[in-house]
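1 is the number of the first residue of the sequence shown in my numbering; add one for each residue after it.
Just so you know, the hints here were simulated from the structure itself, not pulled from any lab data.
In this text, all values refer to a predicted model and were calculated from it rather than measured experimentally.
Treat the hints with care, since some could be wrong.
What follows is a list of derived Cβ distance ranges for each label pair [stated by the list, open to error]:
1. R99 - Q175: 32 to 40 Å
2. A80 - E132: 35 to 43 Å
3. E157 - R44: 31 to 39 Å
4. G49 - L174: 16 to 24 Å
5. S144 - P33: 20 to 28 Å
6. G139 - S96: 38 to 46 Å
7. A141 - H55: 13 to 21 Å
8. R138 - Q45: 30 to 38 Å
9. E145 - A167: 12 to 20 Å
10. N156 - Q70: 15 to 23 Å
11. H55 - R111: 19 to 27 Å
12. A80 - E164: 31 to 39 Å
Just so it is clear, CB atoms sit at the ideal spot from N, CA and C, and this is done for glycine as well.
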Amino acid sequence: MVTSVSDGKLFLLTGPSGVGKGTLIKTLLSRHPEIWLSISATTRQPRDGEIDARHYYFMSRAEFSELASQGGFLEWAEFAGNFYGTPSKEVRERLSSGRPVLLEIELEGARQVRGSFPEALQIFVAPPSFEELERRIRGRATDSEEAIAQRLFRANEELSSQNEFDAIVINDDLQRAIEEIERLIGLVN
Numbered sequence: 001m002v003t004s005v006s007d008g009k010l011f012l013l014t015g016p017s018g019v020g021k022g023t024l025i026k027t028l029l030s031r032h033p034e035i036w037l038s039i040s041a042t043t044r045q046p047r048d049g050e051i052d053a054r055h056y057y058f059m060s061r062a063e064f065s066e067l068a069s070q071g072g073f074l075e076w077a078e079f080a081g082n083f084y085g086t087p088s089k090e091v092r093e094r095l096s097s098g099r100p101v102l103l104e105i106e107l108e109g110a111r112q113v114r115g116s117f118p119e120a121l122q123i124f125v126a127p128p129s130f131e132e133l134e135r136r137i138r139g140r141a142t143d144s145e146e147a148i149a150q151r152l153f154r155a156n157e158e159l160s161s162q163n164e165f166d167a168i169v170i171n172d173d174l175q176r177a178i179e180e181i182e183r184l185i186g187l188v189n
């Protein structure tokens, strides 16, 4: 178990779309700025307010494929018709410098990272219920009905795989979920 965030350890948060990973991470980073959140690359179009190299590295499919063919991703997968991946260079640099690194990735990515970083702590964030997850996804009002259907279908697979992870945190209460994550990664006793 991790005893200090200065160990340069790798932590992962995974869970279905709409479960609240973004809110949990934003709160965690505001409380613990020493943690570095990896920036993922994607081929999807930016949503309103998203900035390249801050929220994601937005790439064309050709750019993404080129980097993947060069081994430039720690993990990558296709989800809802777009590619997503974690550029490996920055992650390895932060870990080498002793800084704790947090990845927010999906199921297939977590499985890939598990193979190359078995010591990484993998946390699955689950909704209180499938119905609540659907309500959250629809409440964002950012996806088409087809995209929502894809996300819900994928969520079923992800939820059935949660026991693969080191820990499961149910995001039914933000404060309680944050405290549980802090405890799991060694930020509090």
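15 to 23 Å as the expected CB spacing between Q70 and N156, which holds or is violated: violated, 34 Å
Given a hinted range of 35 to 43 Å, is it respected by the beta-carbon distance of A80 and E132? violated, 20 Å
Between S144 and P33, is the Cβ distance one that fits in 20 to 28 Å? violated, 36 Å
With 16 to 24 Å as the target window, see if G49 and L174 comply at their CB atoms. holds, 21 Å
With respect to the beta-carbon atoms only, verify the hint that R138 and Q45 lie 30 to 38 Å apart. Cβ of R138 to Cβ of Q45: about 20 Å, so the range 30 to 38 Å is violated.
If you check the beta carbons of A80 and E164, does the distance land in 31 to 39 Å? Since A80 and E164 have Cβ atoms about 21 Å apart, the given range 31 to 39 Å is violated.
Does the Cβ pair E145, A167 satisfy 12 to 20 Å? violated, 34 Å
Given the range 13 to 21 Å, decide if the beta-carbon distance of A141 to H55 lies inside it. Because 18 Å falls inside the window, the suggested range holds.
Take the C-beta atom of E157 and the C-beta atom of R44, compute their distance, and say whether it sits inside 31 to 39 Å. Given about 20 Å between the Cβ atoms, the range is violated.
Per the hint of 19 to 27 Å, is the separation of the Cβ atoms of H55 and R111 within bounds? The hint (19 to 27 Å, Cβ to Cβ) holds, given that H55 and R111 are roughly 24 Å apart.
Supplied distance hint 38 to 46 Å, evaluated on CB atoms of G139 and S96: holds, 40 Å
Indicate whether the distance between the beta carbons of R99 and Q175 respects the range 32 to 40 Å. violated, 26 Å
The earlier numbered hints that this structure contradicts are 1, 2, 3, 5, 8, 9, 10 and 12.
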